[in-house]
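*Asks:* Here the protein sequences come in this chain order: A and B.
Here my numbering is used: the first residue of the first sequence is 1, the next is one more, and so on.
Here my numbering is used: the first residue of the second sequence is 389, the next is one more, and so on.
In short, the hints are calculated from the structure, not lab data.
Check the hints yourself; a few may be wrong.
Now the stretches of chain B that chain A is said to cover, found in silico as 3 or more residues with beta-carbon under 8 Å [unchecked claim]: (1) 416 to 428; (2) 543 to 550; (3) 576 to 590.
All C-beta atoms in this analysis are idealised placements derived from N, C-alpha and C, irrespective of residue type, glycine included.
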Amino acid sequence: MKAARISAGVGALLCVLGFLLWWGPDHVGYKIALLGLQTAWHASAGLAWAGVGALLMVFGALPCLAGVAIIRGLHDGRLGRAASWGAGLIAWFGLFALFEPREELGYGIGLLLTLLGAALAGPTSIYVWVRSRAARDRAVASAKAASGTLLVVESLDVHYGAVHALKGISLEVQQGEIVTLLGGNGAGKTTTLRALSGLVTPSGGRVLLEGREIATRTGALPPDQIVRLGVSHAPEGRGIFANLTVRENLDLGAYQRRDRAAIARDLEHALTLFPRLRERLRQRAGTLSGGEQQMLAIARAMLARPRLLLLDEPSLCLAPTITQVIFQIIRDINKEGTTILLVEQNAHQALKVAHKGYVLETGEIVMHDDAKVLAASDEVRKAYLGVG
Amino acid sequence: MSALLEVAPMSLSFGGLKAVCDFSLELAKGELVGLIGPNGAGKTTIFNLLTGVYTPDVGSVTLAGKLLNHPERGLRPFEIAAAGMARTFQNIRLFADLSVLDNVRIATHLRARSTFWGALLKTTAARKEESRQRSHAMELLDIFGLAGRADEVARFLPYGDQRRLEIARALATDPKVLLLDEPAAGMNPQEKIALKGLIQLVRERFGLTVLLIEHDMGLVMDICERIVVIDHGVVIARGKPSEIQVDAKVIEAYLGAAPDAAGEAGAGEAGAGEAATDSGAKA
Ligand SMILES: Nc1ncnc2c1ncn2[C@@H]1O[C@H](COP(=O)(O)OP(=O)(O)OP(=O)(O)O)[C@@H](O)[C@H]1O
Ligand SMILES: Nc1ncnc2c1ncn2[C@@H]1O[C@H](COP(=O)(O)OP(=O)(O)O)[C@@H](O)[C@H]1O
Ligand SMILES: [Mg+2]
Ligand SMILES: [Mg+2]
Numbered sequence: 001m002k003a004a005r006i007s008a009g010v011g012a013l014l015c016v017l018g019f020l021l022w023w024g025p026d027h028v029g030y031k032i033a034l035l036g037l038q039t040a041w042h043a044s045a046g047l048a049w050a051g052v053g054a055l056l057m058v059f060g061a062l063p064c065l066a067g068v069a070i071i072r073g074l075h076d077g078r079l080g081r082a083a084s085w086g087a088g089l090i091a092w093f094g095l096f097a098l099f100e101p102r103e104e105l106g107y108g109i110g111l112l113l114t115l116l117g118a119a120l121a122g123p124t125s126i127y128v129w130v131r132s133r134a135a136r137d138r139a140v141a142s143a144k145a146a147s148g149t150l151l152v153v154e155s156l157d158v159h160y161g162a163v164h165a166l167k168g169i170s171l172e173v174q175q176g177e178i179v180t181l182l183g184g185n186g187a188g189k190t191t192t193l194r195a196l197s198g199l200v201t202p203s204g205g206r207v208l209l210e211g212r213e214i215a216t217r218t219g220a221l222p223p224d225q226i227v228r229l230g231v232s233h234a235p236e237g238r239g240i241f242a243n244l245t246v247r248e249n250l251d252l253g254a255y256q257r258r259d260r261a262a263i264a265r266d267l268e269h270a271l272t273l274f275p276r277l278r279e280r281l282r283q284r285a286g287t288l289s290g291g292e293q294q295m296l297a298i299a300r301a302m303l304a305r306p307r308l309l310l311l312d313e314p315s316l317c318l319a320p321t322i323t324q325v326i327f328q329i330i331r332d333i334n335k336e337g338t339t340i341l342l343v344e345q346n347a348h349q350a351l352k353v354a355h356k357g358y359v360l361e362t363g364e365i366v367m368h369d370d371a372k373v374l375a376a377s378d379e380v381r382k383a384y385l386g387v388g
Numbered sequence: 389m390s391a392l393l394e395v396a397p398m399s400l401s402f403g404g405l406k407a408v409c410d411f412s413l414e415l416a417k418g419e420l421v422g423l424i425g426p427n428g429a430g431k432t433t434i435f436n437l438l439t440g441v442y443t444p445d446v447g448s449v450t451l452a453g454k455l456l457n458h459p460e461r462g463l464r465p466f467e468i469a470a471a472g473m474a475r476t477f478q479n480i481r482l483f484a485d486l487s488v489l490d491n492v493r494i495a496t497h498l499r500a501r502s503t504f505w506g507a508l509l510k511t512t513a514a515r516k517e518e519s520r521q522r523s524h525a526m527e528l529l530d531i532f533g534l535a536g537r538a539d540e541v542a543r544f545l546p547y548g549d550q551r552r553l554e555i556a557r558a559l560a561t562d563p564k565v566l567l568l569d570e571p572a573a574g575m576n577p578q579e580k581i582a583l584k585g586l587i588q589l590v591r592e593r594f595g596l597t598v599l600l601i602e603h604d605m606g607l608v609m610d611i612c613e614r615i616v617v618i619d620h621g622v623v624i625a626r627g628k629p630s631e632i633q634v635d636a637k638v639i640e641a642y643l644g645a646a647p648d649a650a651g652e653a654g655a656g657e658a659g660a661g662e663a664a665t666d667s668g669a670k671a
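Extracted from the complex, chain A is given alone in its bound form (with noise of 0.2 Å):
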């Protein structure tokens, strides 16, 4: 996307270049004017554009050229817009060519610099445009999924040489629910985790995102991708840079977000949240205490905004009124319409905020259910509230 960028910039300038020279260093005044008019039409809406585009056309304008201005006006973005500027500039060129043809110096290096423009200006800006398109048909399929289901795990099997992790679970998870996945020591929590943000690769079944495949068993997208789709993972362990300061760990959980003024204003939330880590933002995130490496992790998780976080013992190595703030933090994020899978060994708090839970047992889901009636289950009770 870079280089597309430099390349329609560097079309536009030729173009530019190319045009003041065939011109010649007289009619400043005009050629000043028509810039002018340019730019007026460029802040008009697409739809003028396309109309310059005909019209270029019905005058004989280089009719390919004409064609990317047709494509600014279908398209509205950043890019296409500088493609355009190039691409403009050159249908002026071809339109005042056609009255006035002029065989002075400059001619020719005006006409090779022009047609270099347009050669970079509009391929880039098709390109642009075929991206964008796709852009805009992912964030439809989105936007429908929205309202539906955004994670399912289908029959699920994870080997890791001859231990079979996960023997074929399923679940699902719906758009702005919590989910909780409980089970004991050993069960297959941290290795489901890991298998939904492509640390892991099946061995058989598929993970699905919106409807689309991030992990099967013939590989799964790589972490750094699945990110990119909206999934953020608060490991078991943390995985903080030990080396980094606290302040560059939290860059980094949002460093595939452009939103600057957001990120800054999450950035200031997490930290009125955790105190703490605003007074240390200077200090080697390993020599943190354990409890504050915690707060770190999930503050950082938090920065990426994912859509579905993925948070894996939250509560671990938290004092009793930390971990009350945690799961009051759970909540609200997902009232802003975060969803979360929630891996917690407190299953008593676990069971208060989360919609719905599965209850792992060797690698297989043995339960599920509303985690309000899971709480009140016999077995659920037994096993992970230690009561009875």
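Chain A is already provided as a structure; the job is to place chain B with the ligands on it using the hints.
*Replies:* Structure of chain B with the ligands alone, referenced to chain A:
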């Protein structure tokens, strides 16, 4: 003095941060004492001071009359371990790529009676020693329900099993004092109940004195005979579990009657903390 472990008021700063401030402690043989406090209060730092990872700015640690840590005359960590101080780590630090059994066996070497030449030449004595170590290691793994996983690579164990392995490894050094840093983290209530039994079992069987850091109040209040509470590096309370549970300062700084009390508490309590230290020392 009948105390097994004595800590003379000890302090440590990191740059401008007073992580531990005038911390004193006496443990009688066989006691099980809890060390609690908010995140970042200085609990793990105290363990690091007891085991020689850090040298105190002032103060000292004495175990059974032997000086272990001191601003000038401290022993090195492995010497302190050999003197009978063992610990587990809050951020698990197993030998990740070794087998479960080897993790424990390495620790038993601290007490090995074999010599370098003996081990090299595989003398009968050395071989006997090795098989003794091996069976001791297996016995420990068995206590913690890990015997069946003895040959697995430690890093691949589920988190809760790694915690238990940490305790088994600490016990393999045959310690007098066992320092447990959040042993129950990552266990569900059922597993915590089992752990509680295990701690009491090994304590009796190996005649241990235990200092326990833990955020699970159910566990702490249940098995500790005494509790020391610190906040911002300062002791704010000492006493029996029943006293600690109703202590206003502890509730405000740590237990949290009302949520959100954690953040601001403690800053103005240095004076009160010292008073508590004094009364604790007299008692
Ligand atoms: N090497 C270090 N350099 C700078 N600061 C440190 C270092 N080690 C610890 N700290 C700070 O000292 C304070 C005490 O840390 P410590 O690890 O002892 O806390 P803790 O009581 O064990 O907390 P938790 O319950 O979260 O584990 C923390 O604020 C921590 O950030
Ligand atoms: N990298 C690995 N290699 C081999 N076995 C593993 C690995 N990771 C996990 N396991 C095994 O898979 C099972 C499930 O582990 P895990 O998902 O960590 O459980 P949980 O998070 O529910 O405690 C356990 O038996 C564990 O030993
Ligand atoms: Mg786990
Ligand atoms: Mg700690």
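*Asks:* Would you mind marking each hint as holding or not holding in the structure?
*Replies:* Do the hints match the structure? See the list:
1. 416 to 428: Answer holds; 4 residues pass the 8 Å Cβ test.
2. 543 to 550: Since three or more residues must qualify, the claim that chain A covers the stretch 543 to 550 of chain B holds, with 6 doing so at under 8 Å.
3. 576 to 590: holds (count 6)
The structure is consistent with each of the numbered hints, conforming to all of them.
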